[in-house]
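Peer 1: For reference, the chains in residue letters:
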Amino acid sequence: MKKILGILGLLIAVCVATMLGNPRFLSPGNVENVIRLTAFFGLISIGVAFVIITGGIDLSIGSTVALTGCLLAMFLAVEYVPREGALNVLEVRADPRALVLSGDVGDLAKGDQLRTSAASGTYRFLTVNSVDKEQDRTVAGVVEPPSIVAAGGRVTIAKLNHMNEVVAVGLVLLISVGIGLLHGLLVTKMRLQPFVVTLCGLLFYRGYARYLTNEQTQRFDSSLTGLKYLASGEPFQIPIPFLNWIGEGHWSRYAWDVTNARHSVDAQGNLIPLDLIAWVAIPMPAIILFVVAVLAAIFLNRTIYGRYLLALGRNEQAARYSGINTNRMTVLAYVICSVLGGIAGILFALDLNSIQPASHGNFYELYAISAAVLGGCSLRGGEGAILGVLIGTAVMRVLSNSIVLLEIPTNLEFAIIGVVLLAGVIADELVKRYAARRRARHEAALAEKGA
Amino acid sequence: MTGAASANDIPPPTGPAAPLLEVRGVSKRFPGVQALSDIRLALARGEVLALIGENGAGKSTLMKILAGVQPPDSGEILLDGRPVQLDSVRAAQAFGIALIHQELNLADNLDVGANLFLGREPRTALGLIDRAKIYRESVEILRRVGLDVPPRTIVRTLSIGYQQMVEIAKALSANARVLIMDEPTSSLTSGEAARLFALIKDLRGKGVSIIYISHRLGEVHELADRVTVFRDGRNAGDLNCDQITHDNMVRLMVGRELAQFYARTIHEPREAVLEVDSLRVAPRGKHPVSFAVRAGEIVGMAGLVGAGRTELLDTIFGVRKPISGTVRVAGKAIQLDGPIQPIAAGIALVPEDRKHQGLVIEMSVRENVSLAALHRQAKRGWLDRRGERRLAAETIERLRVRTPSDQQIVHYLSGGNQQKVVLGKWLALKPRVLLLDEPTRGVDVGAKHEIYRIMESLAAEGVAVLFVSSDMEEVLGMSDRTLVMHEGRITGELSRDRLSEEAIMQLATGRDAASAAQARAI
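For the record, the sequence lines run as chains X and G. Residues in the first sequence are numbered from 1 upward in steps of one, following the numbering used here. Residues in the second sequence are numbered from 1001 upward in steps of one, following the numbering used here.
Don't read these hints as lab results, they were simulated from the structure. Be a bit skeptical, because a hint or two may be false.
[Unchecked claim] These stretches of chain G come out as covered by chain X in the derived footprint (C-beta under 8 Å, 3 or more residues):
{"no.": "1", "stretch": "1343-1352"}
{"no.": "2", "stretch": "1355-1361"}
{"no.": "3", "stretch": "1364-1375"}
Nothing here was measured: the structure is a model prediction, and the numbers come from that model. Every residue, glycine too, gets a C-beta built ideally from N, C-alpha and C.
In isolation and in its complexed conformation, chain X is listed as follows (with noise of 0.2 Å):
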């Protein structure tokens, strides 16, 4: 507990000295990019955090978001089938937006994707939304903005074939499993050492992804909407006061020759007034992370398997000796990364759209490490809170944050966080040793006064 009051204390100072260095730092965007970040690192913080707390390591995680990624993108490539003879548009709705068309459409089923072209080369993609066989109907549900021909117009189409998005996703998911598991029987029944093996899979995954995308940049079609929405949805949004003054208003810089804090100045000179309520969009990583840290808490707390977890990293053998199947509980360590590295893969490769096969992902392990490190796991084992690797993984954000802000050289970014994380440390260290001289001279005192 203390140990994360510590590093809540760090984060509140770089907040705040970011704060003070450049006020946009509380801008209702920035803070939801910062929130965002923090959302896609802290599912593989939690994930290494998890293996750190058995006494191993995942080296491999970067490359492992790599090959998801690039995995993802494959699985999902779209192929359009151009379709042959123009439909009719008989109709064109309003609300719900839709188009009727009528024609041949023996082959369209419900929730097939369709590209509509236009004779003027514009193009709009569509869902069927149902299929009446007798007439030679169908309706298509239309994408916004507004529709590109008339009733009366007439349309081609391209059918949109791709993977089932929930089946990619799944078979994404399996992958990480078989690479978890992969490593945990490794560390558990050949007895190697999860530096080593993790350090195998950094490069054998990452190897691997070039390999299968020949050094291609991936992309997702803009078609997957519904998919992307996961990474980069904003279901909705929080008031939160002030916001504005601040990062606007009269502290700032931006706005120094207002005198009215609750005002800021346009090009013109012009005084406009700011909302005391600014709305912060909450992303849907964010969301996704709440519910992985909230799950993953209980289980660590409030479950055997997680009281099993931070025995054994302390003590594999006493927990061995308990009657505790410390293998099985290893391997589940190992499962449980890799697959929120696999689930954080593929955030960040439909948040990024672009994925560089050789590039994507590099170093991301040395992140998670050191925001699970920062938030109180010692890699000795046995010892680490998820709330503390959240707080942890913000403080690695927000710094990198600041760094832009601040207007730091950003080739400073790594040397940055290095002596942060080594302060930190020396700082728990320093309050470890403070107590138990403490605890000594309590001792010493409690011993006088039997004696």
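Take the given structure of chain X and dock chain G to it, following the hints.
Peer 2: For chain G alone, coordinates are given in the frame of chain X:
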């Protein structure tokens, strides 16, 4: 108090007139335990002083202080009458004090010569190690301890006895005047031990002073000029040459009569619960081992270190795979592949290595006590936190664990209380068979008594108890029946009326039961 009574029996001994080494009023406290209080000790030139006491009496702590491993909290140490600061191993060595540790401190991947000169290698003009000089001088150094091995021998390939001699030779070559030997014969064969005794007598003649720590009173009787006894971190008394008898030593060590210490009521043993049938223990497994322990019975297992007793218990518990053979609990054979099946069948093991195998030392009392029982309390994997607290409270109460709270980290408890936590962990499972491996090692006298009480009450409840011990008094005091092992084989079984230290030693050194009976007759 018994200490006062024994002081009346034995006339106060006179210490050496001008001691080489003197310890005055040294105290040392560790978290949870006062290891030494106001200890004094004197050692003359060319004297062999035996330091004895029960486990946890503070012998090893004092030795570590003398060797500069730990500083004392208070008190002073005088060498040649002058106070000295032994604040590092290097400082102690510079004053000529060397510790020959139970676990040897040799770089066993290097050769003998390299070890003898480790940290003070002679250099050539170029600053490189002068290997020729090392090997030349090594031969001479080894001759001094009567060790005839080439200095280029890799230490690992030597027997433990020879390795120990290398360590002694190393100390002597660094001009040690005081040699401290901590249980030097604990892992030696009898031949190696005899050789060591000859060397010790020889060194004494050459004016080297030796502090000899041992549990084996026979050795002490043979070697010591004087005996200092510790009990619970205090001086319990000193014995001069003619006072050094077995009875005197035991009385000072234990501080009370044995009979009342090992409070035993013998129960009518019932059906056999644990049956071991031609079990061959890895890796040697030459001799199949068979025996049975009945409900309500306490069976002791004696033997020398390395006789294979720990390996046997580990095999029964499933953590060591057997070559062949079966173990049955209440008539049902159990699968010996990991401890999960044996535990489910009702076997519990209090292992020898408490800190590594018995406890998760950095976790709390509560977490340790519940560790083995968690899955029985849990519903669908959910931690039953209230049940866990209740279990910890019951255990602390029942076993009289002295701890400020159930949240205390086990590391900060004394050895005895740690051992009670290990016992508590298993009692939570209500075992039918309790295996204990050196249950009172590193445990203070008071806690020892309580552990015996727990063993006794479990037997009364019908648990089959099998304990391994190298503490002869404990075997004599606690067992209904004693099995003796020698080199992986059970060489004999002694019922309570045939039990004696001599009979055990005969069997433990591989002589047959007939000569053991003879020894009893003598």
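Peer 1: The structure should be examined with respect to each hint, and the outcome stated for every one.
Peer 2: We went through each hint and held it up to the structure:
no.	hint	result
1	1343-1352	holds (count 4)
2	1355-1361	holds (count 6)
3	1364-1375	holds (count 5)
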